[in-house]
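Trainee: The residues making up each chain are set out below.
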Amino acid sequence: MIRVLLVRWSRYNPYYLEPEPRKEVYHIPETELTPEQKEERELKSVRPIKAATNSVTSSVFNDPVLSKFVNMMMKDGDKIIAKGIITQTLENMKRKQVEKYHKAPEVKKAEIECNPYVIFHQALENCKPVIGLASIQKGGKFYQVPIPLTDNRRRFLAMKWMITECRDNKHRRTLMYEKLSQELLAAFSKEGNVVKRKHELHKMAESNRAYAHYRWW
Amino acid sequence: METRPETVSIFRTQENDPVKTFNEGCVMVRQPALELISHLKRADYINPTLRYLLYGVKGSGKTMSLCHAVHYCSTQGWLVLHIPDAHLWVKNCKELLPSSYHASRFDQPIQASNWLRNFRTTNEHFLSKIKLRQRYVWTKRESTEEGRPLGELVDMGVSRVKSSSDVVGAVLKELRLQAGGTEGGFRLAVAVDGVNGLWGRTTLKKEDKSPVAPEELTLVHNLRKMINNDWCGGAVIATLSQTGSLYAPSSAYLPQELLGEEGFDSMDPFIPVPVSLYSEKEFESCYLYYLDRHWLQHPHSQTEEGKKELIFLSNRNPSVLERLCAFL
Chain L
408 MIRVLLVRWS RYNPYYLEPE PRKEVYHIPE TELTPEQKEE RELKSVRPIK AATNSVTSSV
468 FNDPVLSKFV NMMMKDGDKI IAKGIITQTL ENMKRKQVEK YHKAPEVKKA EIECNPYVIF
528 HQALENCKPV IGLASIQKGG KFYQVPIPLT DNRRRFLAMK WMITECRDNK HRRTLMYEKL
588 SQELLAAFSK EGNVVKRKHE LHKMAESNRA YAHYRWW
Chain W
32 METRPETVSI FRTQENDPVK TFNEGCVMVR QPALELISHL KRADYINPTL RYLLYGVKGS
92 GKTMSLCHAV HYCSTQGWLV LHIPDAHLWV KNCKELLPSS YHASRFDQPI QASNWLRNFR
152 TTNEHFLSKI KLRQRYVWTK RESTEEGRPL GELVDMGVSR VKSSSDVVGA VLKELRLQAG
212 GTEGGFRLAV AVDGVNGLWG RTTLKKEDKS PVAPEELTLV HNLRKMINND WCGGAVIATL
272 SQTGSLYAPS SAYLPQELLG EEGFDSMDPF IPVPVSLYSE KEFESCYLYY LDRHWLQHPH
332 SQTEEGKKEL IFLSNRNPSV LERLCAFL
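For the protein sequence lines, the chains are L and W, in the order given.
Going by my numbering, 590 is the number at position 183 of the first sequence; the sequence numbering is gapless.
Going by my numbering, 57 is the number at position 26 of the second sequence; the sequence numbering is gapless.
A portion of the hints provided could be inaccurate.
[What the hints assert, rightly or not] A few chain W residues that don't get close to chain L, going by computed Cβ distances all over 12 Å: (1) M187; (2) P330; (3) E336.
[Stated by the list, open to error] In silico lysine-lysine, DSBU-like type, Cα no more than 35 Å apart, as pairs: (4) K338/W - K451/L; (5) K338/W - K507/L; (6) K51/W - K503/L; (7) K486/L - K457/L; (8) K586/L - K312/W; (9) K482/L - K312/W; (10) K486/L - K338/W; (11) K445/L - K338/W; (12) K445/L - K339/W; (13) K160/W - K507/L; (14) K338/W - K457/L; (15) K475/L - K125/W; (16) K490/L - K586/L; (17) K125/W - K577/L; (18) K586/L - K603/L; (19) K256/W - K490/L; (20) K89/W - K482/L; (21) K503/L - K171/W; (22) K515/L - K193/W; (23) K51/W - K516/L; (24) K122/W - K510/L; (25) K482/L - K122/W; (26) K490/L - K338/W; (27) K507/L - K89/W; (28) K475/L - K89/W; (29) K256/W - K486/L.
Everything labelled a hint here was simulated from the structure, so no lab data went into it.
C-beta: ideal position from N, C-alpha, C; glycine also.
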């Protein structure tokens, strides 16, 4: 394995600025810059800039949600294996959908979604819970209180449920990417164990709505 | 196009079969394959056999050009002897029996019987037409008489697994003798993928843990006799392959490096056919094919910028492009 000296997670002086990986920002000609952007560019030409992380690219195919999912799938810092599993999953999903597409009659072709990225994002959306539960202590006892969730927390819960589901509930011989692609396709059509878990959480929150006033924030 | 079981298994695995996914099978017609086919058309088959060697970097399309040429041969009615991967015969062999015919050689019953089964499916109509010219004795009670059809010999090899390697040797010898013949003459195409595995070293070991040289394997010994150009009435098309090769560095792709001295001397003289990476037009046509078959699904991959990025990442290498487009 290639070992790279990691500088990014060391503590930088607050004087350093963040890097800008997107290519479009640099293609704007001089004349079309707003005054804030001109100021920002002048600042960047003077101040030092932090090193970019290894996971961020200027490629058009860069997807932050997918990178987060890869990081959550990773074990012992082995990003290569995690990224490999995700690419195999996307390929598998695309293959199944394209096969179905080519065999379907003309009428049904428009309904079949072949893009694995669209399927992934939609499946994740379908797995995100709207409301969550928190354990709050009142008078010596702990109550499960329904609370609103931030966007980040909802995304994290959806990804976590997906990964634990695929790791635990599969046959010994099925590979991870196979099980993941099956779960994602099921979540896309709102079936499967992960959306079931989301619905159960919603039901628990609904049944405990009497305790909602225990929340003080 | 008739389905050829062993050519399909060359593409990675059976599950990721592009023929099944796109509901059709397509082969890109490229310069090396066309060159090979034009040579095959113009050669005269009275002189000893010409040997063609396809070489190129990893993933540049040598096996596909070989399959294209083999398909041409079979449409012209030639008898095709296709060995999908010669490296499978020199490594990972579970059973090595000492040969009954020759004391110091070793037999490989599983590989030989698999090959005979494939041979039977690809050359159905030749099996009854070719008659044996010699009597072969297998054991005290079994023998195949002169004048019997080849099909019987092949069936016997498939059913009696222990003597299948000797059956392979007999089949090759018969075909070599009868290929250029004037009465009922047929043309013989020998297509070997990964021919550099026939010379060099093997990973197989004898019972006293000493390494086995390739000459000591019956299958390899007989195949080498086929590749020699002492018979006429056909052609030998071979491919070099670093992917399955043993004890060869991964950057080696030239004939001199992969065949070694012994192999180069046996193959010499041969007609080298270089297989290069995709040219711009070929890349265009591959890209447009993927777009047409709805394989490139990412919205950015359909733009100009995405295409430039694909060219940069794959360096126009066919196999790398395929693996990139798989998840995009």
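Trainee: All hints are to be evaluated individually against the structure, with a verdict given for each.
Mentor: A quick look at each hint next to the structure:
no., hint, verdict
1, M187, "holds (38 Å)"
2, P330, "violated (8 Å)"
3, E336, "violated (6 Å)"
4, K338/W - K451/L, "holds (31 Å)"
5, K338/W - K507/L, "holds (26 Å)"
6, K51/W - K503/L, "holds (10 Å)"
7, K486/L - K457/L, "holds (22 Å)"
8, K586/L - K312/W, "violated (39 Å)"
9, K482/L - K312/W, "violated (43 Å)"
10, K486/L - K338/W, "holds (26 Å)"
11, K445/L - K338/W, "holds (32 Å)"
12, K445/L - K339/W, "holds (30 Å)"
13, K160/W - K507/L, "violated (44 Å)"
14, K338/W - K457/L, "holds (31 Å)"
15, K475/L - K125/W, "violated (45 Å)"
16, K490/L - K586/L, "holds (16 Å)"
17, K125/W - K577/L, "holds (32 Å)"
18, K586/L - K603/L, "holds (17 Å)"
19, K256/W - K490/L, "violated (47 Å)"
20, K89/W - K482/L, "holds (32 Å)"
21, K503/L - K171/W, "violated (55 Å)"
22, K515/L - K193/W, "violated (54 Å)"
23, K51/W - K516/L, "holds (17 Å)"
24, K122/W - K510/L, "violated (40 Å)"
25, K482/L - K122/W, "holds (34 Å)"
26, K490/L - K338/W, "holds (22 Å)"
27, K507/L - K89/W, "holds (32 Å)"
28, K475/L - K89/W, "holds (33 Å)"
29, K256/W - K486/L, "violated (49 Å)"
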